[in-house]
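A.B. asks: Residues per chain, in single letters:
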Amino acid sequence: MIAFIQPGFWVFVLAMAGIYGIFSLGLQVQYGVGGILNFGHVGTMALSSYTMAILVISYGVNFWIASLCGVAVAALGGAFLGLTTLRLSGDYFSIVSIAFSEIVRYVIFNSDGFTGGSQGSLNIPAKVEGDYPTYTNTWEPFIGWVKDRLAVIFGDNADRDMAMALIVWITLGILLIIVGRIERMPWARVLRATREDDDVPAALGKNVFQFRLQAVILGSVIGGIAGIYWALQFSLLSPDDFLTIVTFYGWMILILSGAPKVKGLPIAAIFFGFLYGGTRFFTFWPFSILDSSQRAYIRIMIIGLVLIFLMLKRPQGLFGKREEMVLE
Amino acid sequence: MTDFIQLLFNGLVEGSIFGIAALGISLVYSVLRLVNFAAGDFLTLGAFTTFFFTTSIKFPFVVAVVISMVLGVALSLILEFILWRKLRKIRAGTLALFLVATGVAFIVRQSIAMLFGSDSRRFEIDQIKSFEFFGAIIPQAQLIVLVCSSIAITAIAIFIKKASIGKDMRAYSDNPSLAAVSGINVNRVIIATWIISGTFGALAGVFQGTVQGQFTNAMGLDLLLSILAAVVLGTIGDAYGALIGGFVLGIVMELSTWDALLGGIPSTYKPVVAFVVLVIVLLFKPEGIFGVKARKI
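Chains L and G are the protein sequences, given in the same order. In terms of the working numbering, the first sequence opens at residue 1 and continues consecutively. In terms of the working numbering, the second sequence opens at residue 1001 and continues consecutively.
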């Protein structure tokens, strides 16, 4: 209960909400514009974060370059997913996309000598035998520098999470501007047309498949960026971080915000973050009859209930307009 | 040769479980256009309720299985009345149905976890007794699973083909509005669909629990992907296709670990094999093994 009034915890939640927001923005590009139901989005996050971690730990690559490589691998993963399955009609694609992320997780889980397997990044073989396997050596001084700048304003309250939250939200802001711009471009208009119907854009000489593929790749790049921040926020990775449920957290934010526009996304991300973090404090009756491990289950149940409730009562999201909603 | 027979048997057993689970999903999809992501957790529910009634209340195993099937049907019907019906009324689209099904899955899974904890469980049945067949070891429990699921599959195949409600189902899934105007009782069709799906879900869960020996509350979820692969492989919405897809996948997954095939792959990668098979099939025949043409959604 004490943590409830501690600002530190909520700053952590804010940082997480920003990461989920970036993640969800990747889905927004795919679904909000292209109508593509990608349920394997978490796979891109797993690909980028693990690529970065392995390059840094096992090969001693510079962190910034490794991060770029990570995002590139996420994009490649998206391209692979799109090339193999995007020609399928909607329902098929969704099922296969879930499989994509699960296979990524499965391979990470079972490749002990390479990804660290079930023990996560702590078990990734270091380049120099005996070195502690960490990928944050370059990042920590940087975030420490940001923290020191924040300390000028916030004094002792400034901490690592606050610096992280700032960086994440600046990134999200930049991405929102970029994606907002992209979504006003002719490219996005074509993509919107393909969402409604394949034949009309095809008759106008547009390669529908290519446009969708580009949308998936762009979404995967954004998902990959979220993956890097995810890795940095926790300082270690585990295959269990990338369960399919994370994709649905992203979807929930997107549905809350109203899919066709990016405007509501930051608020939806914060709403989700606080719902997710807040359920930790459900210690009052009737939840008080449960022990703490049982209350952890309640959290996911509440997320499930909110999803169901939203779809029944406000399918256009909290901030969307009904006439704009797309539910094909 | 012994290895081959062993793997073939394992594949048949696993395939028959995939088959009946896939059939439920495929039937629900063909009638309701709903990909039931909660199906995996209904499997788990079936296994855990059977476990509960055999160990805590000491019912005979068969009775416990029947009760589990009834509970599976009851829950399916409750969801039909409080959720799916309303969603149909507001003409919810693919995404809405997906997300609601996922929400249901979360709730069912977490409820099981809350009630039974996260420990692994096992049925109180004889797991050791087995026969030898050309050197391969055939456990009695698995043989029973194979026989029972084969009976269930045959029964349902005859039911869909011959029974009037089965015909109604096929008609409705082909063309809902035409079926409705020609006097088919749509409600009856939908309820029958959920009854079959609920029964088969619970049954598949019990079978899988038996074959695995030990199971946790993640059993259904772990299995869901392979089942969905079977569904898509046999053309989504096609009941017989789902059965055959299940068998094909079960056998391919088991045989992929065979030493004689380039050393075989580690058995932990079996679910990956399921999807590699699926992706290859989809690349060359996007409508599934038995599909006529891709159905546009």
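Hints were generated in silico from the structure; no laboratory data involved. Fair warning: there could be bad hints in the mix.
[Claimed, not checked] Take a look, some chain G residues computed to stay more than 10 angstroms from chain L by CB distance: (1) Leu1075; (2) Ile1137; (3) Val1211; (4) Ala1229; (5) Ile1244; (6) Phe1247; (7) Asp1259.
[Unchecked claim] Below, computed lysine to any residue pairings styled on SDA-like, alpha-carbon distance capped at 20 angstroms: (8) Lys1270/G <-> Asp112/L; (9) Lys1270/G <-> Asn110/L; (10) Lys127/L <-> Gly60/L.
What you are looking at is a predicted structure, and each value in this text was computed from that prediction instead of being measured. Idealized CB from N, CA, C, for every residue including glycine.
A.B. asks: All hints are to be evaluated individually against the structure, with a verdict given for each.
C.D. replies: Here is how each hint holds up against the structure:
| no. | hint | verdict |
| --- | --- | --- |
| 1 | Leu1075 | holds (15 angstroms) |
| 2 | Ile1137 | holds (26 angstroms) |
| 3 | Val1211 | holds (20 angstroms) |
| 4 | Ala1229 | violated (7 angstroms) |
| 5 | Ile1244 | holds (18 angstroms) |
| 6 | Phe1247 | holds (19 angstroms) |
| 7 | Asp1259 | holds (19 angstroms) |
| 8 | Lys1270/G <-> Asp112/L | holds (17 angstroms) |
| 9 | Lys1270/G <-> Asn110/L | holds (11 angstroms) |
| 10 | Lys127/L <-> Gly60/L | holds (6 angstroms) |
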